[in-house]
Amino acid sequence: MKTTKTAFASCLLALAAAVTAACGGGGSRSVIQNKGSDTLVNVAQAWAEEYAAVAPGIAVAVTGGGSGTGIAAMINGTVDIANSSRKMKDSELDLARGNGAEPIEFVVGYDALAVYVHPDNPLDEVSLEQLASLYGEGGEIESWSQFGVEVPGCGSDEIVRVSRQNNSGTYVYFREAVLGDRRDFRLGSRDMHGSKDVVDLVENTPCAIGYSGLAYATDHVKMPCVRTGEGGDCVSPSVETAIDGSYPIARPLFMYTAGEPQGAIREYIGWVLSDEGQCIIYDKGYAPRGDVDCS
Amino acid sequence: MFEATARNRRNRKVEGLLRLLFLWMTCMLILPVALILGVLVVRGGPAISWEFLFTQPLDNMTAGGILPALVGTVWLVVVALIASVPVGVAAALYLSEYAPDNRLTRAINLAIINLAGVPSIVHALFGLGAFVIFFRFGTSILAASLTLAVMTLPVVIVATRESLQTVPLAFREACWNMGATRWQTIRKIVLPNAISGILTGVILEVSRTSGETAPIMFTGAAFFLPFLPQGVLDQTMAMSLHLFVISTQVPDVPEHMPFGVALVLISMVLAMNGLSIAFRVYLRGRKKW
Chain A
1 MKTTKTAFAS
11 CLLALAAAVT
21 AACGGGGSRS
31 VIQNKGSDTL
41 VNVAQAWAEE
51 YAAVAPGIAV
61 AVTGGGSGTG
71 IAAMINGTVD
81 IANSSRKMKD
91 SELDLARGNG
101 AEPIEFVVGY
111 DALAVYVHPD
121 NPLDEVSLEQ
131 LASLYGEGGE
141 IESWSQFGVE
151 VPGCGSDEIV
161 RVSRQNNSGT
171 YVYFREAVLG
181 DRRDFRLGSR
191 DMHGSKDVVD
201 LVENTPCAIG
211 YSGLAYATDH
221 VKMPCVRTGE
231 GGDCVSPSVE
241 TAIDGSYPIA
251 RPLFMYTAGE
261 PQGAIREYIG
271 WVLSDEGQCI
281 IYDKGYAPRG
291 DVDCS
Chain B
296 MFEATARNRR
306 NRKVEGLLRL
316 LFLWMTCMLI
326 LPVALILGVL
336 VVRGGPAISW
346 EFLFTQPLDN
356 MTAGGILPAL
366 VGTVWLVVVA
376 LIASVPVGVA
386 AALYLSEYAP
396 DNRLTRAINL
406 AIINLAGVPS
416 IVHALFGLGA
426 FVIFFRFGTS
436 ILAASLTLAV
446 MTLPVVIVAT
456 RESLQTVPLA
466 FREACWNMGA
476 TRWQTIRKIV
486 LPNAISGILT
496 GVILEVSRTS
506 GETAPIMFTG
516 AAFFLPFLPQ
526 GVLDQTMAMS
536 LHLFVISTQV
546 PDVPEHMPFG
556 VALVLISMVL
566 AMNGLSIAFR
576 VYLRGRKKW
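Top line first, the protein sequences correspond to chains A and B.
When the letters of the first sequence are read in order and numbered with my numbering, they come out as residues 1 to 295.
When the letters of the second sequence are read in order and numbered with my numbering, they come out as residues 296 to 584.
One or more hints might be untrue.
Said to hold, decoys possible - If you anchor each label on the Cβ, the simulated ranges turn out as follows: (1) A/Ala53 to B/Leu332: 48 to 56 angstroms; (2) B/Arg431 to A/Ile104: 19 to 27 angstroms; (3) B/Leu353 to A/Gly77: 26 to 34 angstroms; (4) B/Val417 to A/Gly77: 32 to 40 angstroms.
Rather than coming from a laboratory, the hints here were simulated on the basis of the structure.
From a predicted model like this one, the values you see are computed outputs, not experimental measurements.
Glycine included, C-beta positions come from ideal geometry on N, C-alpha and C.
Isolated chain B (complex conformation) (with noise of 0.2 angstroms):
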């Protein structure tokens, strides 16, 4: 009575096919992933040690550690959360709880996904203009953090305002009904209920701080630095420009020195996400809903 006619067997094969054709697709977007890591452990892996990030670099920066650029690229990361972190949240929290849906919200919210879309090395000249010129902070961790803080505000806006906007309307009407201020709804139970989202952006955000290069270079990244910054006002080295440095700028570089500190670099970016998957299946063990 069901028979197979021609055409049931034909849309059969381009089903076939186009199920390949998506896996193949899925492959090939692991096979690059796979290979950058497969290489930096195989030719990076020799050159960790204990020595490799613990010391200064020495002989023109092709022996030696990497410390000073370790613990810069900490500062960078640290003290561009510190900048953008609040304000982020603030933004997001306005735009998603307080802003009527009107023509200047829907503005706003069109900037911020144009911003970021803007290139890095634009940043990098904003950076320098507004932040080492304009406000005289120099070359300095202040500067190329804040550089990189405006660089990735719409990474921290996007994530906790979409985060915020998965907490159920009904939460809030509850709690609104029960004779709650929007804030105190904010405080007792949208942020509570959206913290897994928030933190989500702020590890994004630590990744694509720790990897910039382009903003950092004008604005407070040093070539080489002999000492470990002792404030904010301080220039720095950074991993992602002593990557770029060792491999294009010194000649005579040891080979496994470059795949080391980008090994290191990596290692850092893939334990700040293993660290925030691991909080958000905690935190969404604790859901009530």
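For reference, chain A alone in the conformation it holds in the complex (with noise of 0.2 angstroms):
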């Protein structure tokens, strides 16, 4: 017996030191705890990518989980930044306050999306309700002489429905906010895997329409203005139809913090709103706070 504990000792022994081997580089790092918005979740983890580059002693945790999840642990204390795609609850601040701390609010960025058809095509405008009959489930809307166009081009009149694929956060705000949370998709759409690829595709498809990260908008291509309910204004996106609410298919995405942030936490969230930090989350397809030049 003496020898197989021996020998199951050795082994607990070398796996303790391969564990601490590989675990014992580098000094002590602080840490930022970051959670919330799936919506926001990639973006989060491309600023921490990022930003572990540009700070190396600070480490920013990433975790997703849903808005309410981050703001719930973010008034417990047990994370330093919330991410989230809405605005604190009534509810939500007075049980901050409630723990001691004014929870302070950052706006990182914009979820703004575009229509997009060919340069060609004559629309102007569209109405939500045009948007959720042409890509929800039992819509009408399947041919370009239901909106009362004529596209040049599109000799067979069908609409090429493009649409994202059913994981991305474009394709759920974009149900949220057309569709509504109950309605699905309608089948037959062209899923592209990506934000520019929607863009590209309609830029050279004369009978195409898609929506898309304003971020992606191009030269080539053409956005209708988008008209909530029948009587009100016709509003083309933009990043400042974006920021005064006025565009319907947009929404700001939030940073919330217990009280005003200090240190690391501070820089952080400074470096995010930096042009840099901006620039990331325009690589992602959502619209950043105000101009900034990414090329």
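Please assemble the complex out of the two chains, which come individually in their own frames, going by the hints.
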């Protein structure tokens, strides 16, 4: 039995040594806990990855779970920064104040979706109802003549619907804002695997219509204005209309901290809001807070 | 004289059919395992390389390696083992060697069996409430591993108790008759004879622990962490959650990557199982009865 015991003990020792060796590199790091919105999680991950190079002494730990989860964790004090794709509710604000910390809100960018058509397409405006009827399950719109336009170069008159793969945040938000939570997308769309791919396809397909992040607009596509309801104004997509809230398919994206951020957290949020951080959110298909040159 | 009657022939036919049916069912059992392994090796194999195992993820986790997840899983498993094995073995020792067969003991046994049946997401919420919030461990390896330990405790207890009970009572009685105390008997006679079964329980726990996703999602595993954990109060990435994340949350991940992660995870588990089988064979060879 003696040898077995020794063998087992040495096994454990070896394992412990391996773990220590694997993890021994680097000195002490300070960790920023960042949690929340699944819409923002990929941007948050990109920020964290990039920030590791900017400030090697700081590590940003990113977790998803949803806006509510992040806000709750921020209120409980288990994370430093909550990511959210909605404003904090009054009840959440009260809870946070009850814990002695006034939540501070930072707008880190906008989730603004533009509708794209081919530049030769005479369509100048669409309504949310028309978009829902075009993309939603059980919808009626199949052809450009139902929009009252005749598209040069699109002999078939049939609309080519361009959409996104169903795990993209863009897909989820478009569904939320245009179709409503309970309605599904209609089958038969061309589902692209990237924001840029949607715009590329529409650029080269006269029959096509698609939606994608505003940040992906080029000079070779047309963005019709979007109307809410019958009598509403038709609002063109732009960073300004996203910021003032008049454009219907846009929402601000937030970071929240419990109380005024200090030290490393303050520096991190400052970096997120800087041109460098804003270009990362732009690269992920969202609109930055203001004009930044990311070319 | 012994001519087959119609009834004999019918019986033989039923016998044959049943045999075939059972054989078929057994094959059905093997089929998914073979398919899973086959698909993983074919589609995930090309992803496996030295870089894949030992570098940080890059480009929004669509490139680079899985080192933080791999190291994180090792941390989670080791800490969970440290927490659960002593408790589990001690509980099994009490239940098997000391406890009288009364209503309380039976109730405890029942509770252990039921604990094994609690869904892992419930353990996750328990861990969040107890370890993360109440004990203020935060989302950390410690909180996640303790949650995993609570969840896998029944596995260790049941496996240990069963292997203790395979040691014949006559061994103990002989020992007691020599004047040995209960603890002396356990240490010198019962444990050495039961060690292979206990190890099986431990290995089973390792397999389960390394694959669980729900319990660690709320208690300690991160979507992304650009460093390796330095201690038990750090958060960590983990293989199982990483697999979930890159197959459902992150856009544009090359197809071979999730399969690669799954292949590494299942290889780890199979290697542990293989190790346990080898160890058992070795120990059985040393058994003197």
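Hint check:
1. Distance hint for A/Ala53 and B/Leu332: a CB-CB separation of about 39 angstroms, inconsistent with the stated range 48 to 56 angstroms.
2. The hinted range of 19 to 27 angstroms is satisfied by B/Arg431 and A/Ile104, whose Cβ atoms lie roughly 24 angstroms apart.
3. As the Cβ distance of B/Leu353 to A/Gly77 is approximately 32 angstroms, the hint placing it in 26 to 34 angstroms holds.
4. Distance hint check: the CB atoms of B/Val417 and A/Gly77 are about 24 angstroms apart, inconsistent with the given range 32 to 40 angstroms.
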